[in-house]
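Protein sequence lines correspond, in order, to chains P and A.
So the mapping is simple: my numbering equals the position in the first sequence, first residue as 1, plus 13.
So the mapping is simple: my numbering equals the position in the second sequence, first residue as 1, plus 92.
Please note: incorrect hints may appear among the correct ones.
On the chain A side, residues computed to face chain P include the following (Cβ under 10 Å) [said to hold, decoys possible]:
# : residue
1 : V188
2 : L197
3 : W220
4 : E222
5 : A354
6 : D358
Far from chain P, by Cβ distances over 10 Å, these chain A residues were calculated [as the list claims (entries may be wrong)]:
#  : residue
7  : V130
8  : K140
9  : H183
10 : L211
11 : W230
12 : A233
13 : G237
14 : R299
15 : A323
16 : S325
17 : A339
18 : L341
19 : F349
20 : D370
21 : R375
22 : D379
Label pairs and their computed distance ranges (CB to CB) [as the list claims (entries may be wrong)]:
#  : chain 1 : residue 1 : chain 2 : residue 2 : range
23 : P       : V118      : A       : C317      : 41 to 49 Å
24 : P       : A113      : A       : P364      : 47 to 55 Å
25 : P       : S108      : A       : R125      : 35 to 43 Å
26 : P       : G34       : A       : L117      : 27 to 35 Å
27 : A       : T296      : P       : A39       : 32 to 40 Å
28 : P       : E89       : A       : P351      : 27 to 35 Å
29 : P       : P100      : A       : M367      : 44 to 52 Å
30 : A       : L117      : P       : R46       : 23 to 31 Å
31 : P       : V118      : A       : P364      : 55 to 63 Å
No lab work stands behind these hints, which were simulated from the structure alone.
Ideal placement from N, C-alpha and C gives every residue a C-beta, glycine not left out.
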Amino acid sequence: MKFLCLACDQPMSFAERRLPGDGTMAAVFGCPRCGHEIAMLTNPMETQLVASLGVKVGGRTVPGQPLELVRGSLAEGRDNAFDDAEPPPTAVRWSDDARARLDNVPSFVRGMVRRIYTDYAREHGIATITPEVMDRARSDLGLEGM
Amino acid sequence: MTMRRIRTYHEVDAPGSAEILDQVLEQRRRLERRLASVRRVVAVASGKGGVGKSALTANLAAALAAHGHRVGALDADLNGPSLAAMLGADHAPLRVDDLGVHPALGAAGVRTISTALLLRDAETPLRWREPDDGGFVWQGALETGTLREFLADVAWGELDYLLVDMPPGTDRLAPPLLVPKLDAAILVPPPSEAARAVVARAVTLARDAGIPVIGLVANMCAFVCEGCGRATSLFPDDGARRLADAAGLPLWAEIPFDPPLAAATDAGSPPPASMAQDSPAGRAILDLAVRLEHEIRPTGGPP
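Kindly produce the complete structure, drawing on both the sequences and the hints.
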């Protein structure tokens, strides 16, 4: 999938992804020459269809986790199906409210989500994971429902 | 009026701005890296359900393991998973670390993955989280993605054989739906008049998929009287052999119905090789394991 700026005849570049939490997605693309931007808006079905392929519009910024698609998509997973190893020691901290929010994530995916947010914070030089960081990571990484 | 020219996808010399293709290719590379440590991948398939395919897979896996091979068993029947239970795989949480998700251990040390190990309980059906106004347009993609992750993200380690218990339906052998490198396919036909067409379709798809070795196994092909030992064929008119001849396939095994063996398998204890020798079905499965070893010897010979 490519987007072409017709005025400049230039392929547009991915700029930003937003997941407002209602199942829809906005992906922003911009022309590197004239700066013109467009937003591709997908409805919940289209968003899910792309997610079902195990890919992220705009690409990945952190590595995929094992069984990421299954764990993120299964409706009724067993609580103790997984024993997730602790992420490698890191300087990244979790604020109390971020940790409380993480505790509300179903345990079927909690360990994986913790690793994803930790990786995201490390890659972006973020010292403390807060709910705001989680929101931003969720959009940046295309983590619908996490 | 002149229509303005817009360059086509292939004329635009830039990576896909949505980066989808690169991710799909990376998925494929991840799968290939994982399977590099798996010597042989064998699909066990049938055109229809109810032919004892999962029980055959469980017993064959246990028999190969009893011969000293390192064996994995992947339950690709996502909606009707029974392989893990038949192998007696425990439901301890699956360890996740940098190597991936570690498979459950079943009978004879067979490494196993199945949706049954992930679902809330044995009665919970496989359901996906969907938007409220959703349908099933992505169900196939999710199932394919799940199987890809089962292959690529499970820390199988070094395996001599990975048996894939396929869901019912001949179409599942079509490439590139599931496994990129199938070394062999075992076809298990139903004992009915419909078998000929079912096998023909499966053979066509398997050959189109480039699967180099294909064998037919007539499972539950006969009932052996416990009193007199006489076998009564359930395939009409010795149909298993005629079926194989018509399809141009070797008949690798004829396995009679065996209630004690079936009960043991249902209980998660496929009988070890020593016990399997005691029944015609057990001996047939052990012979099938030997045949498979002969047909697709692990590279470098058995360990």
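Okay, the hints, checked on the actual structure:
1. V188: Since chain P brings a Cβ to about 5 Å from A/V188, closer than 10 Å, the hint holds.
2. L197: Constraint on A/L197 not satisfied, violated at 14 Å.
3. W220: holds (5 Å)
4. E222: holds (7 Å)
5. A354: Violated: closest Cβ of chain P sits about 27 Å from A/A354, beyond 10 Å.
6. D358: Since the shortest Cβ distance to chain P is 22 Å, the answer is violated.
7. V130: holds (17 Å)
8. K140: holds (27 Å)
9. H183: violated (8 Å)
10. L211: A/L211 not clear of chain P: closest Cβ-Cβ about 6 Å, inside 10 Å.
11. W230: The claim breaks: A/W230 does not keep its Cβ more than 10 Å from every Cβ of chain P (closest is about 4 Å).
12. A233: violated (4 Å)
13. G237: Incorrect as stated: the minimum Cβ-Cβ distance to chain P is 5 Å, not above 10 Å.
14. R299: Non-interface label on A/R299 holds, nearest chain P Cβ at 28 Å vs cutoff 10 Å.
15. A323: Check passes; 43 Å lies beyond 10 Å.
16. S325: At about 42 Å from chain P, A/S325 clears the 10 Å cut-off, so the statement holds.
17. A339: For A/A339, whose nearest Cβ neighbour in chain P is about 35 Å away, the distance exceeds 10 Å, so it holds.
18. L341: holds (34 Å)
19. F349: holds (33 Å)
20. D370: holds (37 Å)
21. R375: holds (38 Å)
22. D379: The assertion about A/D379 holds, with a minimum of 36 Å to chain P.
23. P/V118 to A/C317: 41 to 49 Å: Given about 58 Å between the Cβ atoms, the range is violated.
24. P/A113 to A/P364: 47 to 55 Å: holds (50 Å)
25. P/S108 to A/R125: 35 to 43 Å: holds (37 Å)
26. P/G34 to A/L117: 27 to 35 Å: holds (31 Å)
27. A/T296 to P/A39: 32 to 40 Å: For A/T296 and P/A39 the Cβ distance comes to about 45 Å; the hint is violated.
28. P/E89 to A/P351: 27 to 35 Å: Given about 34 Å between the Cβ atoms, the range holds.
29. P/P100 to A/M367: 44 to 52 Å: holds (45 Å)
30. A/L117 to P/R46: 23 to 31 Å: holds (28 Å)
31. P/V118 to A/P364: 55 to 63 Å: Distance hint for P/V118, A/P364 is violated at roughly 42 Å.
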